[in-house]
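K.L.:
Top to bottom, those sequences are chains A, H, E and L. Residues in the first sequence are numbered consecutively from 1, following the numbering used here. Residues in the second sequence are numbered consecutively from 1001, following the numbering used here. Residues in the third sequence are numbered consecutively from 2001, following the numbering used here. Residues in the fourth sequence are numbered consecutively from 3001, following the numbering used here.
In case anyone wonders, no lab produced these hints; they're calculated from the structure. Possibly wrong hints are sitting among the right ones.
Now the in silico label distances, taken between C-beta atoms and shown as ranges [said to hold, decoys possible]:
1) H:1430 / A:71: 22 to 28 Å
2) H:1112 / E:2188: 29 to 35 Å
3) A:13 / H:1391: 55 to 61 Å
4) H:1098 / E:2270: 56 to 62 Å
5) E:2097 / L:3273: 20 to 26 Å
Short, incomplete list of chain L residues facing chain H, as computed with Cβ under 8 Å [claimed, not checked]:
6) 3013
7) 3014
8) 3187
9) 3210
10) 3211
11) 3212
12) 3213
13) 3216
14) 3220
15) 3222
16) 3305
Residues from chain L that keep clear of chain A, each with C-beta distances beyond 10 Å, as calculated [stated by the list, open to error]:
17) 3028
18) 3031
19) 3064
20) 3103
21) 3202
22) 3255
23) 3273
24) 3285
25) 3300
26) 3308
27) 3317
The structure displayed is predicted, hence computed values, not measured ones. Note that beta-carbon positions come from the ideal geometry of N, C-alpha and C, so glycine has one too.
Each chain, written out:
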Amino acid sequence: MALNQLNFSIENASPTVALGEAFHLGVVGSGDLEMIIESKEQGGAVSFQILSPVTGFDDLWKRVADAFVRESGLGNAHIEINDNNATPAVVMLRLRQALAEATAR
Amino acid sequence: MLQTKVNRSWENAKQDTAQRMEAASRFIGNGKQVKHEDTVALLEAVIRPYDIVNIEGNNQKQADFLAECLNKVDRGKIHDLHMVQSAVPLKAHLDLFENGIAKKLDFAFGGPQAGRVAEFIRDGKLELGAIHTYLELFGRYFLDLTPKVSLICAYKADRKGNLYTGFNTEDTPTIVEATKFRQGIVIAQVNEIVDELPRVDIPADWIDAVIESPRPFFLEPLFTRDPALVTDTQILLGMMCLKGIYGPYGVKRLNHGIGFLSTAIELMLPTYGEELGLKGKICTHMILNPHPTMIPAIESGWVETIHCFGGELGMDEYVASRPDIFFTGPDGTLRSNRAFAQTAGHYALDMFIGGTLQIDKYGNSSTATANRVAGFGGAPNMGCDAKGRRHVTESWLKCGQELPNREAIQGDMPRGRRLVVQGVETFGEGRAPVFVDKLDAWKLAENANLDLPPVMIYGDDLTHIVTEEGIAYLSRCPDLESRMAAIRGVAGYTEIGLQAKPEETKRLREAGIIMTPEDLGIDRSRANRSLLAAKNMQDLVTWSGGLYNPPARFRNW
Amino acid sequence: MEDIETLVGRGREAIDFIVDADSFEENTVGALTFDDPEFGPGAVCGTATLNGATVTVIANDAMAMNEKFPVVYGGIIGMEEGYKMAKSVYASITADADKDLADKRAIVLVVDTPGNGPGKVEEIFGMNKSTGAYQLALAEARLKGHPIVAMVIGRAISGAFLCHGLQADHILSLDANFGTMIHVMPLTSISRIIRKDLETLQALSTGNPVFAAGPRFFYELGGVQELVTEISGMRDCITKHIAEIRTAKAEGREDDLGPWGRGKLGKERGGRVVRDEVMALMNEQFAAVADQYTAS
Amino acid sequence: MTKWTDLQSASFLESNARDRALGLVDEGSFTEFCGPMDRRPSPHLGVLGDAVEYDDGVVTGVGRIGETPVFVISQEGRFIGGAVGEVHGAKIVNTVRLAIEMLDAMVAKNPDTPEAHKPIVVFSFETGGVRLHEANAGLLAHAEFMDQVQKARGKVPVIAVIGSKVGCFGGMGFVAAAMDAIVMSEFGRLGLTGPEVIEQEMGREEFDSSDRGLVFRTTGAKHKYIMGDCNFLVKDSVAAFRAQIADLAVLPIADFEAMRRIGSEAAVDKQLALVALAVELQPKDSLDVWAHAGNEAPAELNDAPYEEFIAKAQRLAV
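Using the sequences and the hints given, assemble the complete structure.
P.N.:
Structure below.
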C-alpha cells in the first residue's frame, strides 16, 4: 500500500540545456504535482524519481519524460516528482514551466 | 379512374378527447384550475393505456410534480404508456417504467438516469424507440410521435388559464403546439396563479387544466461554471482555440458546449482575445444559454446577440437588463426557445465547440460509457455540417475551401463547411485515455441492445481537435488516412498517440494540418489563471454590476 | 468500587473518587459563584480539597442538557460550558494571585467529553472562541504556576479534548479496559473518510501510534503521562503528579510540562520522533540567518 | 516563480501558500525553514499510499516588513486540505517558538529595542484542522500551538490571516480565534464545525451544507467582521493583506490586547454577553444578527461590493 516509487533515466548524448541552481516548483494538489529539479553530472542523462499514489503508469511516465528530454535538450539533471494523479498534460506543463524558470534564472 | 373514398368519422381524436375531458370535468374549476390534490385523479381520467404521453422537462426546468403524480396512478387503469420527451433526468421519469405505467420511451437526453435507462432496457422493463437529438424529436412530435397528453410546466397562470413560461420557456411552445393542434390534452403545473401575467406565452385556449403545484418546479443551474475551477491546461487549450481557430477563421456565429474549456475561452475573450485583436471579429452572435461566464465578454462589448435554448438560474435580472443582446419579450424579460435555438444551431452556426469523453482513431466521439444510455440532446445537430445550409459566412466558406482535394470530390462547385471542434485533454480523470481504438459506445450498444453505437459527433463531421499537444486541422485532410494521422499526431501519450510516426507528424506540421502551441506562437508559461477576466463567482457578480445573482450553492461570500 | 466497569458518562461520580470526601463545593471558585443552574450545565466547576489542599475541579456532566442549545448534551462542551470553564480558571488565578508559586492551587480536569457544540447558532456566534478562551485560560494558569492535571475517565475526543485536557501540565488516563477513549475519531470513521481499509489502518496502528485510537497509543506519543489501572488509583496518581509538576515549576522546568513537555515525552517514548528532527532543522536554519533579521 | 511585484496585485484567494508567504513580506526578504529542498515529507502518508509533499503542506520561514522581522506560516489548502500532521504541526509550532526566542534574545541584549524592530508572527491559514491520516500527532500539535500563542502574549504579536479557499476550521478555528489580531478578506471563512457535520447534527432543514451562500453567511468574513470576530476586512489581494500587516507591525505590543476577542476574564465576560444575545435572538441565519446590529437590509449588505460593505456595515457592539 505504500507509495509507488519509480526511478529511471533518460539518456541524452548531446544535451543542449544545463541547469544552474536546484529549485522547486508546484503544489501536490489533486491532479497535480511538485518537482525538484537539479543538475547532476551523469553522462548527459536525466534521471527521474517519481513518487505516486497510483500504480500501473510506469510506461506512461517514461514516455512523457522521454519526450520532455528530447524536446528540451535538457541533460545532466535529476528530477524528483511528488505526484498526486496528474495527467500527462499537467506533467508536461509543469516540466516545461520548470525548464522555463530554470533558463530564466 | 379508380377512386376510393373512405367512409369514416373525421373527428375521432376530437371526440376521444372530449370524452376524456368529460370524465375529468368534475376536477376542473374556473380558469381550468385543478386542485393539486386532484392531480392523480385528473390524470387517471384523461390518460388511457398505450397513450403517447409527454412530460415536459429538459435538462433545466422540469414538470416534476406532474411526473410524480403520474407515478401514483392506478396501474390497472393506466399502463404501457409510450413516453416521448426531451429528457428523463428525474427519478420519477424512470419510476414510470419500474412501476409498469410506461413501457416505451423515445427521448433525447438521459442525464442522471442514464444508468437506469440502460438497465431497464436490458431487463426488458423499457422498450427503447430511439435516442434522438432535440430537433429530431421535436420534428417527430409533428410527424409520427404526436403526444395525446402533455404534462407541461410554467411559472405562472392567470385566472383564465393563460400561461407565463418566461425565462425558461424552453420546450413548452413546441410541445403544446404539437399536442393541442392534433386534438390532444395539455395539463400544466404552475408555480403560482396570479391576476395578471407579465406576458402571455401560451394562450389559455391551448390549455386544458392548470394546477398550482405545491412547490415550485425543479430548476437546475446546469450552465453555471465556477471560474475558480478552471485549470491551467484548460487555459492553454483555450489560448490555442482563440489563436488557432477563432481568430484565423473569424468565427462569429457559434455555440459553446458546457465544459470548462468553453468557460476558459469565454473568460479569456476580454483578456487574451483582446490582446489578439479579435474583438468584433469573433463571437459576435451566439446560440447559448445565458452562461454567467459570458458576462465579462458581454460587458466588454464583444457580443451582439445571444439567443437561448433555456434560461439559467440567477441570470434573469442581468439578461433583462441587456435587451440589446438577449431576446426579450414585451414584458422585458428573456424568452428562451429550444426549438428555434436548435434550428439556428443546426443551420446557422459557423462553429460548434465542445468536449467529449472519448474520440476514436477515426475521429468519432462519444460521451457514452458502457452502461449508461445518456443521449446527446442538441450536440449532434450543432456538431455536424448541415447539408441543407445555403447562406454564406466567411468562416463557413473558408473551412469548406480548405479541403485540398475538393475538386476531385465535388468538382468546381464552391462549398462551405461548419467548423466542428472538439477540445480535450489527451487523458481525462483518473488518467483514462480520451483517444481510444474503439469507443465504449460499441459496448453500450451491445449491453443495451441498441441498433447503433451512440456517437455524438461523427468523425467525418469533425473539423478540428484541440489537445494540449496541438490542433489537428482535420478540415485540411484529403482522406481518412490523413485524418487518422492528424488525430494520432495530437493524441499525446495515449495508445493511439503512440502510433504516430514522428516523420509523419513533422510532415503534417509543415503542411499546417497539425499546429502545436509553439507553431501557433503561444507561450505555454502564460497558460495560467491570471488570463481569466473573472476568477471566481463574485468577480462575475462584480462584472454584472450586481445584476447576476448566483444560486446559493455557487456563492463564496 | 470493585463493580464499576466504567466511568463514562459519570463525571460527577468521578470527582468523588478523586477529591477528599464531601469536600467538593460546586459552582464556587475563589470569589466566583455560578448562581444560575441553567448556565452551562454540562460543565461542572467548583472547589474541593485533595489531601487537604485546595483544588479547582472542572468536569463534564454527561447527564446534563443545555436547554438553550439543543446540540449541547451528553458531555458536549457548548459555548456556555466553555466560557464557564474559562471563568473558573480565571477565578482560580485571581484567588491565588498573591500566593507563592508553591501555594498556587492545582486545577484538576476530569475529562469525559465527546465534542464541541456542533450547531448553527454556535457557528454564528463563534463556538471556536469559547473553546479557545478556555484553552488560553488554562495555558495562562499553567504558566502562572498552577499545576494542572487532566484525568481522562471516559471520552477525550478531538477538539473537545484539545479544550478540556490538552492544555494540562500532565494528562493521566484510566486504562482502556474502563472504556476510556482518546482519539480524533474512531478508526472506522477515519477509514471511511480517507478511504483506506480498516485492516490496513489497524495493522499500521500497532506499529505507529499516530494512526491509532486509545489511551495506550497516546501514552506512546507522550500525550498521556501515565495510565491508571484502577479507579481507586486515580486519587493517589493525581496527587503524585501534582507534586511532580510543582517540583518542575519550582525548578523552572516549564518546558518539561504541558504541550511542549508532551512533545519531549513523545520523542523519549519513540511515538513522535519526526517532530523533534523537524524543529532541530528549523532551529539550525534560523540560526544561520538570524542576524540578517535583527535590525542594527 | 511569480515575481514579487506581480504577487502584490495577485488575488490572495488564488495564491498558493508559498506565494502568499513570499508576497506578505518585503521583496527578497524571505528565508524558508524546512522547505521543499529539505525534503521533509510526512512519514505517515507514504505508508498509507497517499501522496506526499516535501514541505508537508505548510511554508514556514522569516522575512521582513520594513524593519520588523516577520515570522510567516502559510498553509497550502490544495495539499490534503491544509490539514495538520506531525511535520506540518512541528513546523507551525516551532515558528512561533523561534519568534519568541528571538524577542527574548533581543530584549535581553537591548531592553529598549524599538517596537518596529521586534518580531511578529503572521499565520496564513488554509486548513480544516487535524489531518486524519496522522490524527493523534496533529491533535497534539494543535495543543502545542495554543501553548505557544499564550507564551507569545505580551511579547510577540501573533496575527491570523484568512482569505484562502479552504478557510480555517476544526481545531485551527480556535487557534485563529486565540490570536492577537485577525485579518480576513471577504472570501475567508472561520469556524469550528464544518458544514456537513452541522447538517448531520441538526438536519438538512436547519442547515443545508450544499447551500454555499448559507455556509459563507455563517462563517464568512463579512459575518465575522460584523460580529467583531475579525478585526480587519481587506480586499482580496496580497498587497492589501500585506498593507494591513505592515500597519500592525509597528504597533506597540500593548495595543494588541485591545484587539483580542478572548484571552482574559474581561473578554470572556463580553463573549458571555454575546451568548446571552444568541439565546435571546435565536437566529435562524447570521443575517438576523446583522439586523440586530443595526443593518437595515442585511441581505443586500451581504451582496454589496467590498467598499460599500465597509462603508455601510454596522458592527455588533460587544
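K.L.:
The structure should be examined with respect to each hint, and the outcome stated for every one.
P.N.:
Status of the hints after comparison with the structure:
1. H:1430 / A:71: 22 to 28 Å: At 26 Å between Cβs, range holds.
2. H:1112 / E:2188: 29 to 35 Å: 30 Å Cβ-Cβ, so the 29 to 35 Å window holds.
3. A:13 / H:1391: 55 to 61 Å: Between residue 13 of chain A and residue 1391 of chain H, where Cβ atoms are some 58 Å apart, the hint holds.
4. H:1098 / E:2270: 56 to 62 Å: holds, 59 Å
5. E:2097 / L:3273: 20 to 26 Å: holds, 25 Å
6. 3013: holds, 7 Å
7. 3014: Holds, about 6 Å.
8. 3187: holds, 6 Å
9. 3210: holds, 5 Å
10. 3211: holds, 4 Å
11. 3212: At 5 Å from the nearest chain H Cβ, residue 3212 of chain L passes the 8 Å test, so the hint holds.
12. 3213: With a minimum Cβ separation of about 4 Å from chain H (threshold 8 Å), the hint on residue 3213 of chain L holds.
13. 3216: holds, 5 Å
14. 3220: Holds. Min distance 6 Å.
15. 3222: holds, 7 Å
16. 3305: OK, holds: residue 3305 of chain L within 8 Å of chain H, min 6 Å.
17. 3028: Given that every Cβ of chain A is farther than 10 Å from that of residue 3028 of chain L, nearest at about 14 Å, it holds.
18. 3031: For residue 3031 of chain L, whose nearest Cβ neighbour in chain A is about 15 Å away, the distance exceeds 10 Å, so it holds.
19. 3064: holds, 22 Å
20. 3103: About 30 Å separates residue 3103 of chain L from the closest Cβ of chain A, which puts it past 10 Å; holds.
21. 3202: holds, 30 Å
22. 3255: The claim holds: residue 3255 of chain L sits with its nearest Cβ about 36 Å from chain A, beyond 10 Å.
23. 3273: Per Cβ check, residue 3273 of chain L is outside 10 Å of chain A; nearest 43 Å; holds.
24. 3285: holds, 32 Å
25. 3300: holds, 36 Å
26. 3308: Fine: 34 Å to the nearest Cβ keeps residue 3308 of chain L off the interface.
27. 3317: holds, 42 Å
The structure shown violates none of the earlier numbered hints.
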